[in-house]
Amino acid sequence: MSADGSRRFAANVHGWLLVLPAAALLVLFTHYPTVATFLRSFFSTAKGARGSAFVGVDNYRQMIDDPIFWQVLSNNAYFALGTIPVSIGLALLMAIWVNGRIAGKGWLRLAYFTPTVLPMIAVANIWLFFYTPQYGLFEQVLSAFGVPAHNFLGSKDTVLTCLIIVAIWKEAGFFMIFYLAALQQMSPNLAEAAAIEGASRWHFFRRVTFPLLMPTTLFVLVNAIINSFRLVDHVVVMTRGGPDNASSLLLYYIYEVGFRYWDSAYAAALTMVLLALLALFAVGQFLFMDRKVHYR
Amino acid sequence: MAAIALEGVSKAWGDSRGVDRISFATQAGQFLVLLGPSGCGKSTTLRLIAGLEQADAGRIFIAGDDVTALPPSRRHLSMVFQSYALFPHLSVAENILFGLKVRKAPAADQRRGLARVAELLGLAGLLERKPNQLSGGQQQRVALGRAIIAEQPVCLMDEPLSNLDAQLRNEMRRELRALQQKLAMTMVYVTHDQAEAMSMADQVILLRDGRIEQDATPEELYARPASTFTARFIGTPPMNVIPGTVLARVNPGWAARLGARAAEIAIGIRPEDIRFGAADGVEAAVAGIEYLGADSVVTCALGDAVLAVRAKGKLRGPAGERVRLDWDPAATHCFDQAGGQRLAQGLA
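Heads up: the sequence lines are chains A and B, in that order. Heads up, the first sequence is in this note's numbering, so the first residue is 1345 and it goes up one at a time. Heads up, the second sequence is in this note's numbering, so the first residue is 1082 and it goes up one at a time.
For reference, chain A alone in the conformation it holds in the complex:
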């Protein structure tokens, strides 16, 4: 080996050594579990003396025949559709409001951001009280207007909507921060130039502000979708998926199958579906949305 070659080799070794800690953690906690889960999904769950055996796509076939899986999936779709547009819209609205010249906007920003800072478990407990039948906050307010008592979290019709409201309340303030940061990057001269041309605030928003916020919207959208599949803390605290799986989300169902019924093989198959869904969304967003997004 020439002197030059050995120096290159040494540089390469140094480089790899520097990457090693991060790479090791990634492989250990991300890549290996993903591959292992993928492989596990083709085996049966070991039970007592009966060991795990290769079963091919049996786990996935079971999934197709599993009515709870389909219900959970549609719950999750409903949950995502209910939270994402509203929380993003609300975030944008709040950001534009607190970006304006108003008194006490520092406090307002803080107030909007507070839900994000609070732990989800605590948030869920507070909302649990709001929704409590008879003496909960909403019940007390509604009964003052003569509305009959209602068990919000105990009814299949209302429980998922209740969870959606909690998620919106939790997420909108977080997304607002990103919009606020983007708005503050925009030169006030742009609005002044538009004002001189006679553009209304709505016209300016539609033709200038909103298009310039598209990169932020894309980023927030990706996060919102991931969160709609990832956040299950409030389900655990408030409903445990009930009543009759009406508020169970995909990740919560995976948790139940894997760690309450200990059917780890089926849980692995369900996890693969979740991963595939998220990958699909991510690829779709970056492929199709990117073209419409203006990056400076």
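I should point out that these hints are in silico values taken from the structure, not numbers from a laboratory. For each residue, glycine too, the CB sits at the ideal point set by N, CA and C. Errors might be hidden in some of the hints.
Claimed, not checked - Heads up, incomplete: computed chain A residues facing chain B, CB under 7 Å, no partners named:
(1) M1530
(2) N1533
(3) L1534
(4) A1539
(5) G1542
(6) A1543
Given the coordinates of chain A, work out where chain B should sit on it, guided by the hints.
For chain B alone, coordinates are given in the frame of chain A:
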């Protein structure tokens, strides 16, 4: 009737003064320059005319109408910002047409206007580009195009050339002036560069600490500065202003001429009016020579004062060399030593 008139307009932010009871008027088709050092209130004045700031006191008239309370869009004016304020996601054509589209001008008018502006500013090949694909000079032209397409009678410009390199700035100066005359616009132009003001303006308003120091033509500003502030602001290098006492101490001729009033008077003299030579001239010591090509600026020490002399060609000489300086008495400007105002009667 004045195209633009301000009457006792004030604007303050907390403790800082902004502009303080300023009044002026300019006629239609004039090129008016608001000139002054940074923080003098020139940009604030422009923004008050545009309606981007509301005046605390006073009234603003455009074409005879009181527009003090009107929003910017109803003042019939256009504006070019220092940062250009182009919409980064819109093409050059869309940027230029922004105002016409807002006002829902007929498509045929939009097409005709765009073609005319593109032709006028040499933007024809760039209409589909985005602002970030343009050079600084081209962005400047787009901003200009957006301002002139609607043919508003008044155009406001806030230091539009300050982001360009020196050579481009000189070209744009001439072009802007030609454009303003061709379109017969009333232009209000803010700058801190006195050379820009001198070369383009019909009327210059020199501001200082939120007040008008002098409102005059460039010739008047140069030939008859109303104060030592104006005198020291205009010209490259600006006028020398020397306390009478210093002159009287170094030169018997000046001591006789100033007499007892030496302490009250400051003498102003332009560097280009000073000659070397004459035996009875004011004696000074050369402190440094700056060679500029066509001429040289010689800095001379005169007692405690420093004096710049502008002379043709390249001068050479050791620092500390004694020289005698002389100038035409008619070129002498007299100012009040304490207040800085010009003394109308001169030395007579």
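Hint by hint, here is what the structure shows:
1. M1530: violated, 10 Å
2. N1533: holds, 4 Å
3. L1534: The hint holds - L1534(A) has a Cβ within 7 Å of chain B, the shortest such distance being about 5 Å.
4. A1539: holds, 5 Å
5. G1542: holds, 3 Å
6. A1543: holds, 5 Å
The structure fails to meet hint 1 from the earlier list, while all remaining hints are met.
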